[in-house]
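There are 2 protein chains.
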Amino acid sequence: MTRAQLVEQIFQKGTYLCVGLDTDPEKIPDHLRSHPDAVFEFNKRIIDATLEHCVAYKINTAFYEAQGLKGWEALERTVRYIPDTHFTIADAKRGDIGNTSTQYAKAFFEALPFNSVTVAPYMGADSVKPFLGYEGKWTILLGLTSNPGARDFELLDCSRSTDILVDGVHTAPKETGKLFEFVFRAAQHWGSEGNLMFVVGATQADAFRQIRALAPNHFFLVPGVGAQGGSLRDISEQALNAECGLLVNASRAIIYASEGEDFAEEAAAIAGQYAFEMKSYLEALK
Amino acid sequence: MTRAQLVEQIFQKGTYLCVGLDTDPEKIPDHLRSHPDAVFEFNKRIIDATLEHCVAYKINTAFYEAQGLKGWEALERTVRYIPDTHFTIADAKRGDIGNTSTQYAKAFFEALPFNSVTVAPYMGADSVKPFLGYEGKWTILLGLTSNPGARDFELLDCSRSTDILVDGVHTAPKETGKLFEFVFRAAQHWGSEGNLMFVVGATQADAFRQIRALAPNHFFLVPGVGAQGGSLRDISEQALNAECGLLVNASRAIIYASEGEDFAEEAAAIAGQYAFEMKSYLEALK
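First to last, the protein sequences are chains A and B.
Every letter in the first sequence is one number past the one before it in UniProt numbering, and letter 46, counting from 1, is 46.
Every letter in the second sequence is one number past the one before it in UniProt numbering, and letter 78, counting from 1, is 78.
By construction, these hints were calculated from the structure, which means they are not laboratory data.
There may be inaccurate statements among the hints.
Among chain A residues calculated to face chain B with C-beta under 10 Å, some are [claimed, not checked]:
| no. | residue |
| --- | --- |
| 1 | Pro29 |
| 2 | Ala38 |
| 3 | Ser101 |
| 4 | Thr145 |
| 5 | Gly224 |
Using N, Cα and C, we set each Cβ at its ideal position, and we do this for glycine too.
So here's chain A without its partners, still in its complex pose:
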């Protein structure tokens, strides 16, 4: 899916909601548990019920891998079930040396039909670039995440002296910033606004305006609304740009809205509330 197609979907439907399919077999409602393919059945019903309220689905690969082969099968059926009007995210946090990242890119972009994959930046350029080599596919790089551990490394003060030639003289200007700022700056040399997004956690709302300044036109994938406590209003006020520029994800708050037989209706109701709020923020942009 191209950027133009994604933006068109967002403004046509008036929503930038992403529904996170972090499907845990232990949390599936009782009446579905005995189903031979319970995880897929659950996802299918959630997708059917929420399609009109969202523009994207994020599949958290960990929950499927934890079920072994059966889980990988449910993941594959799920991504193939999502209509191509909706942007699909493999939330996989992959990243390894170049020849290995090439294999991960194959896994999500060739063996599976995902539009995008989340990637961890620690290992640098050659661990990220293989994902960027696919026409119409997206890399969503971890920037500043929503979890408490974001403080451990992502927010460290960093610096680097770079030898450059200015008017024939070698100088060593110092580049400074938080680690995640280095990631934002470096990655914009590797990818473009048309194939690179950043993960920015909703719980970082205080810093959203500054983070937006680091990448004014890129899309941000924002997890952490709902169960993790981030505010949709704060994020939207600080980080929407002219082409929206946000995909806001809620997982548990939507898919586990009810434990009963009405789980899909309740999921739709919560997704609908988010979408209703988003519509007003999008209209304010005009």
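Model the placement of chain B on the given structure of chain A, informed by the hints.
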């Protein structure tokens, strides 16, 4: 596998070689390709041929995921085939917020019987700790990797001021170091020498003595020997400790030693050369 058991295996067999099963279906010898389960067949023969020369096998998950369901199946058959005398590594570079990392730990330690998994540190403490909660299982955290991209972030100069009370007075001493040094220091508060190792790339041989000083007793998993150009002698001289403390991995140099029907014998020959050299370094420790 406990630390004592691993150390016993190393000294009993006189080797700290890890064989990396980065099995790419396109590189499997012709005569095996038509086999219905070619990847597993290839791995099985490599394992049978190299068992006596190594103490560990590292399965690079990317190569299996790239094959979809069939790949995940080959991965599972392979890890179950490795005898429990040998340490098994899921080279998966996982890491996500706490509740998601818990699912990844389940994937590799419960759904699959791996002894260890490689983990990316970017997201901090709560992304790493779930892996450390399993008795007899190991977390192998990325420290300083072997790829060119290691320079982008891992080698940044970092600092953090921490507010602490000294004799009733608030002071803010500054902790400084490269990013990977922060990772080494922080992680040693999360795990112990009995459940935490670090990845240190063989191509970083110049820095090995300093890196060893950061974690004198921890095991290091050292990829990058062979195809990536790292020197076994340099690494061993600088980083062996009294209990060995090293698992040195070679993947392509061993498993693709020959493209012919003799691939397993050739793999054994190369593995045997590494093991022969390692034996002399281990004997020099006594």
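Hint check results:
1. Pro29: With Cβ-Cβ at 19 Å, over 10 Å, it is violated.
2. Ala38: violated, 16 Å
3. Ser101: holds, 7 Å
4. Thr145: Interface hint status for Thr145 of chain A: holds (5 Å vs cutoff 10 Å).
5. Gly224: With a minimum Cβ separation of about 9 Å from chain B (threshold 10 Å), the hint on Gly224 of chain A holds.
Of the hints listed earlier, those the structure fails to meet are numbers 1 and 2, in rising order.
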